[in-house]
Amino acid sequence: GPQEAVEDGAPDGITRVKLALNWFPEAQHGGYYAAQLHGYYLEQHVEVEILGGGPDAPVVQRVATGQVEFGLTNADGVINARAAGAPIVALFAPYQINPRCIVVHESTGITRIEQLEDLTLALSQRPAFSHFLRKRFPFRNVTVVPYHGSVTPFLEDERFAMQGYVFSEPVVARRLGADARALMVADTGFNPYASVLIATETTVREHPALVAAVVGASRRGWSQYLDSPLATNQHIHSLNPEMDMEILAAGVELSRDLVLDEVAAAEGIGHMSRQRWQLLVEQMLEAEVIEAGQVQVEQCYSLEFLATPPSP
Amino acid sequence: MTRNRLTRGAGIVAPPMLFSVLVVLAWHGVVTLFDIRPYLLPGPMDVLHAVSVHLPTLIGAAALTAQAALAGFLLSFFVGFLVAVLFSQSRLAERSLYPYAIFLQTVPIVAIAPLIVLWIGHGLAGVVAVSFIISLFPIIANTTAGLTSVDTELLDLFALNEASRWQVLIKLRVPHAVPAMLTGARISCGLSVIGAIVGEFFAGYGTQDFGLGYLIILTNAQTKTPYLFASVLFSTGLGLIFFSAVAALSSKTLDRWGGRDVN
Amino acid sequence: MTRNRLTRGAGIVAPPMLFSVLVVLAWHGVVTLFDIRPYLLPGPMDVLHAVSVHLPTLIGAAALTAQAALAGFLLSFFVGFLVAVLFSQSRLAERSLYPYAIFLQTVPIVAIAPLIVLWIGHGLAGVVAVSFIISLFPIIANTTAGLTSVDTELLDLFALNEASRWQVLIKLRVPHAVPAMLTGARISCGLSVIGAIVGEFFAGYGTQDFGLGYLIILTNAQTKTPYLFASVLFSTGLGLIFFSAVAALSSKTLDRWGGRDVN
Amino acid sequence: MTADPTSGAHVYATAVHKRFADGTVAVDNLDVEVSPGQFVALVGPSGCGKSTFLRLVAGLTGISAGTLTVDGMPPHEARASQRRLAYVLQDPTLLRWRRVRDNVALPLELRHMPRNDIQVRVNDALELVGLQDVGDMFPRQLSGGMRMRVSIARALVAEPSLLLLDEPFAALDEITRQRLNDELLELWRQRRFTCLFVTHSVQEATYLSQRVLVMGPRPTRVTAEHGVAFDEPRSATLRTDLAFVRLVAGVSRDLSQAMEERPAE
Amino acid sequence: MTADPTSGAHVYATAVHKRFADGTVAVDNLDVEVSPGQFVALVGPSGCGKSTFLRLVAGLTGISAGTLTVDGMPPHEARASQRRLAYVLQDPTLLRWRRVRDNVALPLELRHMPRNDIQVRVNDALELVGLQDVGDMFPRQLSGGMRMRVSIARALVAEPSLLLLDEPFAALDEITRQRLNDELLELWRQRRFTCLFVTHSVQEATYLSQRVLVMGPRPTRVTAEHGVAFDEPRSATLRTDLAFVRLVAGVSRDLSQAMEERPAE
Ligand SMILES: Nc1ncnc2c1ncn2[C@@H]1O[C@H](COP(=O)(O)OP(=O)(O)OP(=O)(O)O)[C@@H](O)[C@H]1O
Ligand SMILES: Nc1ncnc2c1ncn2[C@@H]1O[C@H](COP(=O)(O)OP(=O)(O)OP(=O)(O)O)[C@@H](O)[C@H]1O
Ligand SMILES: [Mg+2]
Ligand SMILES: [Mg+2]
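If you read the sequences in order, they're chains D, Z, U, W and L.
In terms of our numbering, the first sequence opens at residue 4 and continues consecutively.
In terms of our numbering, the second sequence opens at residue 182 and continues consecutively.
In terms of our numbering, the third sequence opens at residue 182 and continues consecutively.
In terms of our numbering, the fourth sequence opens at residue 13 and continues consecutively.
In terms of our numbering, the fifth sequence opens at residue 13 and continues consecutively.
Excised from the complex, chain D in its bound form (with noise of 0.2 angstroms):
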C-alpha cells in the first residue's frame, strides 16, 4: 500500500527517485510523463524525476550503478544487460508490439520483410533486430548501409530502405512526400518489449513497496495516456519543443495498437510472459548476439509487480 513507500523516510514522507529515459521525450514515453503529470506518482509518496536521454545516453550502465533508481529500455537490451552480468530486472512492459519498423517506398511492391531485395537497407548495428533479420532471411543483392537518423537518403532513392521506429520515420518521411510504407519487425517474429521499465535486482529485493507504487503509477499513467493524451503531449513538447504536438498526436494513434493489444486488454497494460522472454533469448542466440549459458530467462524480469490491475 502506499504507507510502504514511505521506507526510505524522507522527512516529508516522499521518496524521490530518478528515471532515466532512452532517447528525448516522446510518444513512447508518454505513460510515464502522464502518470507524473497527473500525480499518480505522488499518490503513491513517489516523487519521480524523468531524465532525457540521447543517442548515447548509457540507461543501462546507470540503473546499475544506482545513479539512478529507474530506467527505460527495450527488452533486448535487458537480455544483453544480464549477459553482460548487470543485474537488470523488467518491471512493467508498455509496448507488447515492438514499434521498430522497415521503412520503404510503396512503390518497390514489397510489403513483407522478406521481400526486401536489390536496394540499399539502412540498418543500425545497434539493435538485436537488425541481426537477427540479417541471419533469418536472404536480403538477396542488398547492401547493408549504417543508419544515422536522418530520413534524408530514403527520400532521395526509390531503392532506399531504412530502419525506424513506426511512429517516426515513416510519418516524417510521409510528411515530406514520400510513399513510406512501414514493415514492422515484430511481423518477422522477433519482438522484444518495448519502453520497458527496468531496476535492479537490489531495488526489487530492497524496496519492493517503491516498485510497485512506481509500477502501479506507470500503469496508470499509460491507460490515461492512451485515453486522453492531449495534457500530456503538451508538457512532452514543453520539454521537448523540436518534437512537434502533431507527430505526438500520431504517436499516440499508433501506440494504442501497440500498446493494448488482446494480451493487455485481457491481463491489463505492461503484460509479461515467459513465453515471450523465452522466445526473445533463443532468438537472440540464433542472432549470434548473445551466447548459451549467459542469461536465465527467469531473472530478465518480475511479474511480481504486475499481479494485480491497476485501479481505475
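It should be emphasised that the hints constitute simulated quantities derived from the structure, not laboratory data.
A virtual CB, placed ideally from N, CA and C, is assigned to each residue, including glycine.
Incorrect hints may appear among the rest.
[As the list claims (entries may be wrong)] What follows is a set of in silico ranges between Cβ atoms, one per label pair, in the way DEER data are often shown:
{"#": "1", "chain 1": "W", "residue 1": "268", "chain 2": "L", "residue 2": "269", "range": "30 to 36 angstroms"}
{"#": "2", "chain 1": "D", "residue 1": "16", "chain 2": "Z", "residue 2": "428", "range": "54 to 60 angstroms"}
{"#": "3", "chain 1": "W", "residue 1": "268", "chain 2": "L", "residue 2": "86", "range": "44 to 50 angstroms"}
{"#": "4", "chain 1": "Z", "residue 1": "332", "chain 2": "D", "residue 2": "244", "range": "56 to 62 angstroms"}
{"#": "5", "chain 1": "D", "residue 1": "69", "chain 2": "Z", "residue 2": "238", "range": "33 to 39 angstroms"}
{"#": "6", "chain 1": "Z", "residue 1": "425", "chain 2": "U", "residue 2": "260", "range": "19 to 25 angstroms"}
{"#": "7", "chain 1": "U", "residue 1": "216", "chain 2": "D", "residue 2": "160", "range": "48 to 54 angstroms"}
[As the list claims (entries may be wrong)] Chain Z is faced by these chain L residues, among others (derived, beta-carbon under 7 angstroms):
{"#": "8", "residue": "72"}
{"#": "9", "residue": "99"}
{"#": "10", "residue": "105"}
{"#": "11", "residue": "109"}
{"#": "12", "residue": "119"}
{"#": "13", "residue": "125"}
{"#": "14", "residue": "126"}
With the hints as your guide, set chains Z, U, W and L with the ligands onto chain D.
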C-alpha cells in the same frame, strides 16, 4: 587616427564579407539550378528563414553550448599546459604518458560515456568533460613542441647563470612556447565547440535546458534540414567567435615575440 | 656499436613499458578493490580475454580502419598543406577562407552525413572523407603558423636576391615550416583514426566488411563492455602506430633543422 | 641615367630621413652620392644608423622623406632590374637546414643557374674565404667567424653590380681579415662593382676605399669625408706608408669629433 | 685548492682534447693555467677553437680527454658552487620578448635579488655600456653593436669571479671600444676577477691582459705565450709606448707563424 583605424578595420572586414556574399550566392545558385531538395541541402534563404523562426531557441541553445565549450576549452588549455610542462621536463614522463594522451584522443566518446556519466555525472559537468577530452591533445602537442624547441644558445645562457629547472621553465621555455601554445589554442577552441555538441548527445543538461547538440540530433531525426543547418551555422558561429578571440589575443601577445617594423 | 644501440633502445623502451605494467596493475587493483562491474569498466584480464577471443575479428577490423585513417590522414596532410600555402600567400584568402575551415572543424558529422553519402557514397570513400574532415584543421593551423613565422632577416635575404614568391615559398617558408607541420601531423594522425571510426558510424563499408567503428557501436549497444574496450584498445593502438611513425619521421627530419651537439 | 650592366651602380641620396615605427629617427638629412664603380667606406659610432642606411639603399626598408635612388630608380626597383645587388648583412643569416655549400649556392639557385655552373662558382667562393673543407657542414657546426665567411662567400658568388657589406670582417682574425681585404680589392679591381663598406676599423676603411665617409651619432648624417687617392693596386706595404697613417689619423680624429657633437647612446 | 669567493677563480687545463659528435677535433692537447685574478687574452685564427675552449671552461660542453678544472672542480661543478661565472657569448643571445632592461636583469633575477637592487645595478650596467636611453626597447629595435653591448652589460651585472668574453667588442666603433676597454680594466682592477678574453685585435689583447696566449689552427693548442708587464693602471697613452708597440708586433708575428704551421681552413 580613429578614422584611419576605422577605414583599416573596414578594409580587413570587407573582403571576407564580400567573399561570404559570393559563397552564399553560389550556394543559392547551385541549390536553385540543380533543384536540390531543401531536406538534402537547404538553400541560404531556407536556412535564414529557419534562423529567423527559431532565433530565440537557437540563441538559448548556443549560449548553453558556448558555456560548456568555453569551460572545456579553458580546462584543456590549463591541463594541456601542465601536461606539456611535465613532458618538457622529463623525456621519461613524455614517453610513458604520451600513449594515454593518444588514448584520450582516439577513444570514441560513446565508448567511455558510461564512465564519464558515472564519474562526472550528467548535465553541464559531463558535457564539459567531453569537450575537454576532445580539445586536450592539440594543446599538449603544440605546447610540448614549443617548450622543447628552445635554442641551445639560450639554454646555455640559463645554464651559465645556474638557473634552476623551474627558472628555465618559467623564464625561458614558457615565454618561448607562447606562439606555439596559441596555435594549439586555435585548434582546440574549435574542437571544444564540437566536443560540447558531442557531449550533449549523451549527457544533456537536464529537463528543460538544451544546447545545440540536442537541436542537431532532433532536427536531424525529423529531417528538418534547414533548421539543422541553422543549428550547424550557430555552432560554426561559436567556433568563429572562439577563434577570433584567440586570434585577437595572439596578435596582441605576439607583438612582443616577433613584432615587425611596419615600414 | 650495435650492442650499444640495443641497450640504449632497451633504455628507451623499458621505462614506459614498466609504467604501462604499473598502470595495468593499478587498473586491475581498482576494478578488483571497488568491485567495479565488467559491464561498466572491465578489468585488464577481461579485456585481454576479449582480445584473445576476438583477435581475428579485431585485426581484420583494425586493418580496414587503418586503411581509411591512413588515406584520410594523407589527404588532410596534402590538402591542409595546400590550404596553408594559400593562406600564407594571401592574408585576404586567409581571412576569407578561415571561417570555412572552422566550419569543417565544428560541423557535427551527423549533420552532413547525408551530403557526404550522397556526394561520395557509402563505403571506404565516405569513411575516408569523414576522417579527412576531422583531421584537416590542425594541419592547416600549424602549417600556416610555420609558413608565416619566418625570420624577417631571412625574408630580407630572399628579397635581396629578388626571389619570386614561389621561390620564397619553396626554398624558405616550406623548409622553415617543416617542424610545425610535423607537430600538426602528430595531432592529425590521431584525429584521422577517430575520424575513420566516426566515419564508419555513418558510412560503413558495405554488407560484409566492417571496421573498428562498427565493432564499437555493436559492442556498446550490446553492453559487451570488455569487447568494446578491446576495440577501443585497438583504435588507440592504431593511433599509437600512426603517432610513432610520424614521430620517427620527425626526429629523422628535424636533425637537419635543429640537431644538437650530443656532448 | 641609364644603367650599364657591366659596371657598378650609381647611388644617390639627398635629404634622406628615416623614422622607425616606434618613433626612433635613425637617419636625418643625409646626403650621399656614390658614382658607379666607386668603393666607399662608412665609419661611425655604434648605433648611429649605418646599417639602416645600407638597408635603405638595398630597398629592404623605405625612406620616410627625401630622395634615394639607385641607378635613377627607387632602390627596390633597381634591385628588381637586371642590375644585381649583394648584401652581407651584419649577422650571417644562414639557412640552418642547408649545408654550407647550399647556403652559398642560394643566390645562384634563385637565379636558376645550371647546377654544374653553380658548383664551380660555389667552390671558388668557398676557396676565396678559406672554407673549401667545410662545404658539407651545417652552419651550427661552424665557428662565428666561419659563419660570417660563408655569408661573404654567398654575397660574392652573386657577382653584383652593387655590393653592400656591413662589418663583414669584424669576427675575423687580423691575418684572415687582411687576406680577405686583399681578395675583395682584387675582385673589385676586376669587376668594378659599386661598393658600400661599413666597418669600425678606420684603417680598413682607408685601406680599401676611394672615399671614407664619417657618420655622426643618431640621427646620422655624413659629418666628414676623406678622399683616398693611393696608387692602385694597393698592397700590405701601404699600411706602413706615412701618408696612409696620417690619413687614418685624420679620419679617426673626425670620428671622435663626430661622436662628441652629440653623445652617442 | 680552496676558493676564496672575493677573489678570482683558478683555471687549470692539461692535455685537454675536444672532439665533436661529427668527428671534428677542435682542441687537442691544450695546456693552460690561469691563476686567480689573472687577465688572460686569447688570440688565434678564425675557427681554431677559441670559443670551444671558453665553452669547455664554462662547462657548457664536456672535454673528451685530459683534465680541466676551475678552482679544482670540474667546470660545471665550479659553476654550481657559490663562485660566479659570467660569459659574453660570441653572439648577443638576448631574449627577444624581454626589453633591454629585463635582459640585463636576467642573471640577478635568476639569483632572486630584490627588485630595487636589480634596478640600481641594471641602470649602472647600462650606463657603463652607454645604453641608458634604450632600456625600454626590445632587442629587435637595436643595432648590432648595441645588442652586443646589452650582452656585455648582462655579464657585468653578475659580478662574476670568472669572466669569459668572446670577442665582446668586435662590433663596436673604435672609440666606444676603447672606452669599454678602459671600463673593463677599471672593473677588473676593483674586483680582481679572473678573466679570459678572446679577441682578434692583438692590440686590444696586449692592452688589456697580463698574458696573451696565441693559439694555433684547429685542432688548437697554445703555440706561443707573452707576458704583459706594464704599469698599472694602464691608460690610452700606453698604446703609443714603444715597448707596447714592440710587444704587439711580437704577438702578431707569433700569430702569423701559428697560422702557417698548418693552414687554417
Ligand atoms: N626596427 C627598428 N625599430 C626601431 N629602432 C631601430 C630599428 N632598427 C634600428 N633602430 C635604431 O636605429 C638606430 C640605428 O641602428 P643601426 O642598426 O642602423 O645602427 P648601426 O650604425 O648599424 O650600429 P652598429 O654599428 O652598432 O651596427 C639605433 O639607435 C637603433 O636603435
Ligand atoms: N657543434 C659543433 N659540431 C662540430 N664542429 C664544431 C661545432 N662547434 C664548433 N665546431 C668546429 O670546431 C672548430 C672550432 O670552433 P670555434 O667556434 O671554437 O672556433 P673559434 O676559434 O671561436 O673561431 P672564431 O674566431 O671564428 O669564432 C671549428 O672548426 C668548427 O667548425
Ligand atoms: Mg649595424
Ligand atoms: Mg669563436
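Quick rundown of the hints versus the structure:
1. 268(W) / 269(L): 30 to 36 angstroms: holds, 35 angstroms
2. 16(D) / 428(Z): 54 to 60 angstroms: For residue 16(D) and residue 428(Z) the Cβ distance comes to about 58 angstroms; the hint holds.
3. 268(W) / 86(L): 44 to 50 angstroms: holds, 46 angstroms
4. 332(Z) / 244(D): 56 to 62 angstroms: holds, 58 angstroms
5. 69(D) / 238(Z): 33 to 39 angstroms: holds, 35 angstroms
6. 425(Z) / 260(U): 19 to 25 angstroms: With a Cβ separation near 24 angstroms, residue 425(Z) and residue 260(U) satisfy 19 to 25 angstroms, so the hint holds.
7. 216(U) / 160(D): 48 to 54 angstroms: holds, 51 angstroms
8. 72: holds, 5 angstroms
9. 99: holds, 5 angstroms
10. 105: This hint holds: residue 105(L) lies near chain Z, its Cβ roughly 5 angstroms from the closest one there, short of 7 angstroms.
11. 109: This interface hint holds because 5 angstroms falls under the 7 angstroms limit.
12. 119: holds, 5 angstroms
13. 125: Not OK, violated: residue 125(L) not within 7 angstroms of chain Z, min 12 angstroms.
14. 126: Violated, because the Cβ-Cβ distance from residue 126(L) to chain Z comes to roughly 16 angstroms (cut-off 7 angstroms).
The structure is inconsistent with the numbered hints 13, 14, although it conforms to all the rest.
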